[in-house]
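Respectively, the protein sequence lines represent chains S and G. Residues 911 to 1169 in my numbering are what the first sequence lists, from first letter to last. Residues 911 to 1169 in my numbering are what the second sequence lists, from first letter to last.
It should be emphasised that the hints constitute simulated quantities derived from the structure, not laboratory data. Be aware that one or more of the hints could be misleading.
[Said to hold, decoys possible] Okay, derived cross-link-like pairs now, BS3-like style, lysine-lysine, Cα gap no bigger than 27 Å in a straight line: (1) K1030/S / K1116/G; (2) K912/G / K927/G; (3) K1046/G / K1061/S; (4) K1116/G / K1028/S; (5) K1030/G / K1116/S.
[Said to hold, decoys possible] Simulated restraints on C-beta separations: (6) A945/G / Q1153/S: 41 to 49 Å; (7) E1140/S / E952/G: 13 to 21 Å; (8) L1150/S / D961/G: 24 to 32 Å; (9) E1044/G / Q1124/S: 55 to 63 Å; (10) G1011/G / Q1153/S: 37 to 45 Å; (11) D1103/S / S987/G: 35 to 43 Å; (12) P956/S / K1168/G: 42 to 50 Å; (13) E952/G / N1069/S: 55 to 63 Å; (14) K1169/G / V1164/S: 32 to 40 Å; (15) V1164/S / G1014/G: 41 to 49 Å; (16) Q1098/S / Q1010/G: 25 to 33 Å; (17) P942/G / N1069/S: 21 to 29 Å; (18) Q1010/G / Q1124/S: 32 to 40 Å.
Even glycine gets a Cβ: it sits at the ideal position worked out from N, Cα and C.
Number of protein chains: 2
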Amino acid sequence: MKTTLIGSGNVAWHLGKALQQAGHEIVAVYSPTAAHREALAEVLAPAKAVDSLDLRTTDAELFVIAVPDAAIASVASALQVPEGAIIVHTSGSQPLAALQGIAGARPGVFYPLQTFSKSKAVDFSTIPILLEAEDKQTLQVLQGVASTISKEVHQVDPNKRKQLHLAAVFACNFTNHLLGISRQLLQQAALPDTLLQPLIQETITKAMQQHPFQVQTGPAVRHDQNVIEEHLQLLQNQPLYQQVYQLLSRSIQVQHPKK
Amino acid sequence: MKTTLIGSGNVAWHLGKALQQAGHEIVAVYSPTAAHREALAEVLAPAKAVDSLDLRTTDAELFVIAVPDAAIASVASALQVPEGAIIVHTSGSQPLAALQGIAGARPGVFYPLQTFSKSKAVDFSTIPILLEAEDKQTLQVLQGVASTISKEVHQVDPNKRKQLHLAAVFACNFTNHLLGISRQLLQQAALPDTLLQPLIQETITKAMQQHPFQVQTGPAVRHDQNVIEEHLQLLQNQPLYQQVYQLLSRSIQVQHPKK
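One chain only, chain S, in its complex shape (with noise of 0.2 Å):
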């Protein structure tokens, strides 16, 4: 399918390359900035780089908009599109509506599932991509593009895609806080930060094969007061650890409750 790409950053990269290898045409890149839009055309060529959001002359079925959530709006009212076209935005938080403005397109959501960084390949096979559309038609094309490079390909309505976002800020935004608490412990005891890494990466495995709640281990699971009190105790001095430690705590005894 001949495939425009607007904007340059690493979901434009990466999904560009995945497409381009699945045997997508990709005609054109758009950008603001020449370097960035000239860097990715030559890697996606024969792509064209182009400085212009009035796309109507451009030989694409498809415009893939992959900019930051917050220029999605400046983007979506700027650019024109042959009659016809349909329009996707790669964002997990934003709506349809957000592309609902440009005239004669047919707007959806592509959303692949993953942080991307530039320098590091993914696997897009394995990546899930989101789908979203207005109509039936629409969302069979964007299904078809979509199990060329990627095999968990879901459709979502808006409400599952809330849930789902909700759900990825626990797995993935509280964790990675976690993370940083536990790197600041052992700093403050001049342990390397490297020590807990093995048991983290095997708590994580383990929280995949199994329902994390049937493996949940440590002291509150245990009911063990004790340990409870003496970690509290040395977190005396960071009052606002100390409360994410208790809630935590209290969250994971009503889930488990003494026997």
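The hints should help you fit chain G onto chain S, whose structure is shown.
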């Protein structure tokens, strides 16, 4: 070094195999359960299965107590060993003093910082081993043994071991609980359990390569109050999770103030 194992659980199993592969002779395996001691003794042949904790005539210099934390005290009170033998436990949370009542013995801690499953092979060489002993000579012997099976051998004093345990509660126990909440949220929306797994794995991998606070993402670090309010609304029937969401968002925002 001639070694006797007290216990036949996951730690005894994996540690026994690692010691044997490194050239140490496992002389005997004790467990109160005949089937357990015999199974492990067979794996560690020519080790003998023994059913008594009077091990004074056993030809071993090192006795490794690898039993559940709650059983250490009763094992220690019954155990008898040759004069001058080194006895270690393998617990992260129990003090060295748990072994101080054993006549004529030199107590120590030999704590492999990992969670083990019997069915899963482990590469012991990457597992940190934390050592503690009362005297320098005992510590040196333990360092010699530990370094034959692991590249990551650390001596830690009791205070550091406590802080390490606290850090592990944040990085492993609490993280696992959040992954459980996330899994529940997916299930509530009838989304597949596996959907977030590539993103979770990548989040953890990144958090190990850089300080987690430097790669924090999500609505809290962006101070995106609209999304935060929407998420709290989605959690309105789960007040405890709502509290967890609020407190962790606040902790993230304290760490990353609005610019």
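Worksheet item: What are the numbers of the hints that this structure violates, sorted from low to high?
Response: Of the numbered hints, 3, 7, 8, 9, 17 do not hold.
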